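Turn these sequences into a full structure, and let the hints guide you.
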Amino acid sequence: MLELVNPPAYRHCLALAWLRYNHRQCGYGAQIYIQNTMPRVLGTAHQLDAELLTWELVKPKAVRTQAVQKKKRL
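Under this note's numbering, the letters of the sequence shown match residues 1 to 74, in that order.
Bear in mind the hints are in silico, worked out from the structure with no lab data behind them.
Just so you know, these numbers come straight off a predicted model, no measurement behind them.
Hints may be right or wrong, so weigh each one.
Here are the computed distance ranges between Cβ atoms for each label pair [as the list claims (entries may be wrong)]: (1) 21 with 45: 18 to 26 Å; (2) 64 with 29: 17 to 25 Å; (3) 41 with 74: 52 to 60 Å; (4) 65 with 13: 36 to 44 Å; (5) 68 with 27: 29 to 37 Å; (6) 5 with 56: 19 to 27 Å; (7) 18 with 72: 47 to 55 Å; (8) 6 with 30: 21 to 29 Å; (9) 4 with 36: 19 to 27 Å.
Glycine residues also receive a C-beta, built at the ideal position from the N, C-alpha and C atoms.
In structure tokens, the structure reads:
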């Protein structure tokens, strides 16, 4: 995706900006795909700042509550 952008420092800045833009907007499959193919897709090496941003790509889920239909007697 970004492997053709030069110089590499600018490519790294663009990858970090893309990860910040997609913070908590992706599904679980997209997060795993980015983490597994980071050097190929983002065009950057595995660096700590880029890897930390990939941890929170997943959209948060609402907490589900379940109503009690009938109380059980022990």
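Checklist entry - Has the hinted range 29 to 37 Å been met by the Cβ atoms of residue 68 and residue 27? => result 32 Å Cβ-Cβ, so the 29 to 37 Å window holds.
Item to check | Distance restraint hint 19 to 27 Å, applied to the beta-carbon atoms of residue 5 and residue 56 | outcome: holds, 24 Å
Checklist entry - residue 65 and residue 13, beta-carbon distance inside 36 to 44 Å? => result For residue 65 and residue 13 the Cβ distance comes to about 43 Å; the hint holds.
Checklist entry - When you take the CB atoms of residue 41 and residue 74, is the distance between them in 52 to 60 Å? => result With a Cβ separation near 54 Å, residue 41 and residue 74 satisfy 52 to 60 Å, so the hint holds.
Checklist entry - How does the Cβ-Cβ distance of residue 64 and residue 29 compare with 17 to 25 Å: does it lie in that range? => result Holds, at about 21 Å.
Checklist entry - Does the Cβ pair residue 4, residue 36 satisfy 19 to 27 Å? => result For residue 4 and residue 36 the Cβ distance comes to about 21 Å; the hint holds.
Checklist entry - In this structure, is the beta-carbon distance linking residue 21 and residue 45 contained in 18 to 26 Å? => result holds, 21 Å
Checklist entry - Is the distance from the Cβ of residue 6 to the Cβ of residue 30 consistent with 21 to 29 Å? => result holds, 26 Å
Item to check | Distance restraint hint 47 to 55 Å, applied to the beta-carbon atoms of residue 18 and residue 72 | outcome: Holds: the Cβ-Cβ distance is about 51 Å, inside 47 to 55 Å.
Consistency with the previously given hints is maintained throughout, with no hint failing.
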